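Kindly generate the complete structure, drawing on both the sequences and the hints.
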Amino acid sequence: MEDLVLYAVDYARSIGATYAEARYHRNSSRSIVSNNGLILGVGSGAVEGIGIRVVAGGALGFSATNRLERSSIKNAVDKAIAQARNTSRLMKYPIELAESKLGRAKYFVLEAKRFDSLSFEEKAGFHSDLWKAISRSICEAKANTLFIEYTESFEEKVVANSDGAFIESRVPRISLFYNLVITHPQKGSIQRWEMLGASGGLEWLDKWGLINKLEEDAKTYEKILLTAIEPPKNAVDLVIGSEIVGLMVHESCGHPSEADRILGREAAQAGKSFIKKGMVGERIGNENATVIDDPSIPGSYGFYLYDDEGVPAKPRYLYKEGVISEHLHNRWTARIYGVESNAAARSMDYKSEPIVRMANTYLKSGNYRFEELIEDIELGIYMKSYMEWNIDDERWSQRYVGLEAYLIERGEIKGFVRNPALEITTGGFYNNIDAVGREVKFYAGTCGKGEPPQGVPVWFGGPDVRLRNVRLGVSIT
Amino acid sequence: MNEELLRISEDLVKRASVEGFNESAALSISTRRTMLKVANSEPSVIQHWNSLSVIIYLAKDKRIIIMEFYPRDESEIYKSMADLLKVAAKIMESPLYAPLPEPIEVKPLDGLVDKEIVERLEEPSALAEVAIEAAHRENIDSMAGTIDLWYREKALSTSSGASLYEDSTGFQTYLRAFAEPSGSGQWSTCSTRLDLRSIEETALTAAKYAVESRYREKVEVGRYDVIMSPMVFGNLLELTMHMASAFNVLMGLSMFMNKKPGDKVASDKLRVFDEPRNTELPRATSFDDEGVPTYNKAVIDGGIFKTLLHNSKTASKMSATTTGNAGWISPAPWNITVNRGDYSLDEMISEVKRGILVTNNWYTRLQNYVEGVFSTVSRDAVFLIENGKISKSIEKIRIADRLPSILNNIEALGKNVYNIMWWEVTIPSKLPYILIKDVNVTKPTL
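Taken in order, these protein sequences are the chains called A and B. Just so we're aligned, residue 1 is where the first sequence starts under our numbering, counting upward by one. Just so we're aligned, residue 478 is where the second sequence starts under our numbering, counting upward by one.
Hints are computed from structural coordinates only; laboratory data are not their basis. Don't take each hint at face value.
Covered stretches of chain A (in silico footprint by chain B; criterion: 3 or more residues with CB under 8 Å from a CB of chain B, positions within the stretch not fixed) [stated by the list, open to error]: (1) 47–53; (2) 87–95; (3) 185–198.
Note that the structure is predicted; figures quoted are calculated from it, not measured. Beta carbons: idealized from backbone N, C-alpha and C, even for Gly.
What follows is the structure in structure tokens.
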């Protein structure tokens, strides 16, 4: 594919593009889908083609084709340049890119345990084993549904641009999504979704230990369904589990720190940001609020070493000890800000333009053991996991509804509370982190942004944290 | 392209038979699409796609395999087929399996292709100009949005004998306007046929709401009567209609798990339809992915649940009949419509003593699909209604409630209906403003 990619760049430059970039991008996958241990079907596919981006007449054009011969590539380049030129008369500010140190490199992530080291029968049997584990763990209620989608995939890219970048990469990924519904004739139902994902191979199945995990989880959900009480109405101390903390920093630090969002480029879709241009250096939280986004974490679901503009990846300190420190940039936003790109340009597949994205976002760890977080709490809640969540389009007002959530009394974990709702502003969260746990855990997700929508793999994570004196929101119990 | 696309599908079905599969279907889709995105009242990017995708259904001794490719060439698909035949031998029979249906005569739909859309694929910038100009007739600061045009061909071949082709065009436009301090409005439109007037009206509505929602004030949490715009109810209704997919019922992702046709699920004022043969709406089609002729149908009629959406597999599993909504695995709605009511928006507002008008929302998520427990966040203009009149623009709110309650508490429907399609309403929908009694409204406590 190298020759087609380089041809696209050279041809675009030869007919007047001031910048040209071509990306061969192949996403191939195989999945096994089951319901209650029975295999519904097997999925297999490959999305493969070349995406071309040009600047012409000061406007940005993108075209994509999966007809991989020179004539189709030429047509795609012609189209991107012609349509960019046609829109240039409506441009107020021409598109320009920041100077960047661009890579010329190849990197390949290896599966420590190859996908083909387990037979297909063993993988199908794993679905059945998970269902059996859940079924045997529940006594009084009934495991109604366990839907599982297990996927092995490879993402392969060749990226080149007219400023000299040339990056070839290959990343394998593994993911498992499940939906569990447990019902009881009098108590109703409880539902848990979870997604697990990482870059690498089958070694992650060993690390996740899903059979034991789901067996224990199902017991817990049954207890919640049967015994959970309404959460307290008065203000309580709140311990937020790492799963929710991870989501909170993704939603209320990562997204609002995307410089294209701040500049209004996604205003009609994913929205704007409470962070405005010029707010770097302003305080958003207390000294416990340090949030990092790092694409280079080995094994992470959002792993990459160079972004889709060829810029080398590095950790980005978005909030540092409570201060807005750095945004996520591609080369276009970096130019407007007068900074260097920090390699946040990602695209989902060949059909997608590279836009500013997170990779692996997490809250920095502190010094507390879990026991220390709860030991002096007189009355509190520990929210360990969630189902419902959302945040407004400027990333300020957010809500998380606990699924596995416990009452804390006099420093001890007691019984379960049902659907406690944390409804809080971004400032309210980062200014009130009172204590931070010492262990960072990561969780997988598919982050959505762009038009057409692009879902890209990310991790989000953090330690458990404590907030004091929080009045919970209205629960629908 | 007609014959070439059909040949691709037919060749794949023949090849599947040669490889040893008992049944197969191939759906080839050729797409030309242009999308012009606008931000800060200028183009941010123009995107163009020219792609061929192929989706293949394979069955071997009641084992099911789905392949999806944007193929470099057919040889890769053939190689995968051979590999997957070996896989099929290793898995158990699918509990979803049912034979592909025998072909039934499909009555084609006329009027699905608009030549003007095909022409505008090459040069859509004038449409963006219309949108930008119209929005700025109001006193706004900036606007953003998307003009999206496509020409799509699909060719279906099945081993049971279906051989079908259809082409269609479509467009969607959604626009958002901003007016300081803190005002914003958003609106959308869609159709199979290009309509400059509808783009202009979309821009004007977004701009009007932006200007009217400036100077937002705080509002107390609690229970309100809420008027949902077609953008908002369209979002909740799309979720509801996905829950009406029989597959989602089987997979535990539906509040209709414990419902059956004839059960009351909504206010008797509500009628909701799946309308694949409504040629105004962009997902109109004469046949589904199994080659079954589509037909328009009520899903909720007078508040009564009429039917789940089925393909032949879910129908077989649930002792029902296919509704022409395949999806080989999961049935899905084609186009969603809601009946008209008797009220103008002003008349509806005049009925409300203490309420809220929500013009747009996003990020709807559920705590529990089976029970329909959800919340969603407003964006853009939100207005407080007191004693039958809009009293002020208010800050963003969150609706946290149960979908069954929302559907049952519908009090009035507007007499004007709007074509809606955007980021948060991906199935084309035609529906009015809707008044819902006693809705739980929340906001942050810290």
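Structure-inconsistent hints, enumerated in ascending order
none
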